[in-house]
Amino acid sequence: MKVFIDPPNSLILFDLVERFGHEPLGAMVPIQERIDNAELDMPPMNVTLDDVVRGLKYAGVEVPSGIRGRLSLWGPLIDEADAALIMTDPPFNFGCVGCERSNEMVKYLIRRRKIPALTIRYPDNEEEAKATVGQVKEFLEGLK
Amino acid sequence: MSEERETRVVMISPNSTITPDQLVREVHAMGKELTVKETCYGTLIEGPKGMVREVLAALRKKHPYDVFSKVRAYPAGDPRRCRAQHGTRPGFSQLEAEWEALPLIQHGIQCIDRGDKFEVPKEKEKLPVDEFKKICEAS
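Top line first, the protein sequences correspond to chains A and B. Heads up, the first sequence is in the working numbering, so the first residue is -8 and it goes up one at a time. Heads up, the second sequence is in the working numbering, so the first residue is 21 and it goes up one at a time.
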């Protein structure tokens, strides 16, 4: 099954989803598409005109362009996902920094789709790490 | 995702005794036609998707708790991202943050694979106003 990860650029979540036998959907997938096919110079800093239009499906025209640009990449992934894995309370430099409103919007879009979603806390110690991995394993094995 | 190319970031946990050099040699020894680039945190592996996945599966089998991986959007050595060519590195803070957390995740996977039981940590609650007032008045 396809599992959307939030933060979408997380190596830890990407690895855990793959390790437990599912296909992770992260930010790297649409960015690579734009590098290989659209030949954009610096995605996600640059997007195509189609992306801007696509972003309107997920964020209104009055929403700042940065949020709409980000959601034009991640929104289709959320639509495609069968489940989601969300990590909360990470350190400030973990995940897509720069726009907390985009991150809030991603969580809202996941909730709105009503797909199975697991929210886990960023581990601060070994006990919490064990619980984090255990929860992820139970959740992903339950999806099969 | 492109069927032709897949680039993988392979990161070694700081708790591991494997070195990036060792990892690169292991990939080379598999005899696949892949681009392998040694980095400070591990390696970048690039090539046809199927072949990259085969190599990754072999690495995971050999080092189940030491090696972590994700897809990288930009090709290995891309001038827009390569430090040697003064590319910008906006993803570096993320890699650094994950590198610091890997020993915890490594420990977690080892415990769960061993069959250890775990307790879900309680949600942090907000501090009641009365308690906060007591703290303020105490000092």
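Careful: at least some of the hints might be erroneous.
Only part of the chain A face toward chain B is listed, based on derived beta-carbon distances under 7 Å [to be verified]:
1) Asp6
2) Leu31
3) Thr123
4) Phe130
Just so you know, the hints here were simulated from the structure itself, not pulled from any lab data. Where is the CB? At the ideal position from N, CA and C, for every residue including glycine.
Exercise. Against chain B, is A/Thr123 within 7 Å by beta-carbon distance?
Worked result: holds (6 Å)
Problem set entry | Hint check: 7 Å Cβ-Cβ cutoff, A/Leu31 to chain B | violated (10 Å)
Exercise. At a threshold of 7 Å, is the proposed contact between A/Phe130 and chain B supported by beta-carbon distances?
Worked result: violated (12 Å)
Exercise. Should the interface hint for A/Asp6 be scored as holding, given a Cβ-Cβ cut-off of 7 Å against chain B?
Worked result: At 4 Å from the nearest chain B Cβ, A/Asp6 passes the 7 Å test, so the hint holds.
In summary, the structure is inconsistent with hints 2, 4 from the numbered list given earlier, while agreeing with the others.
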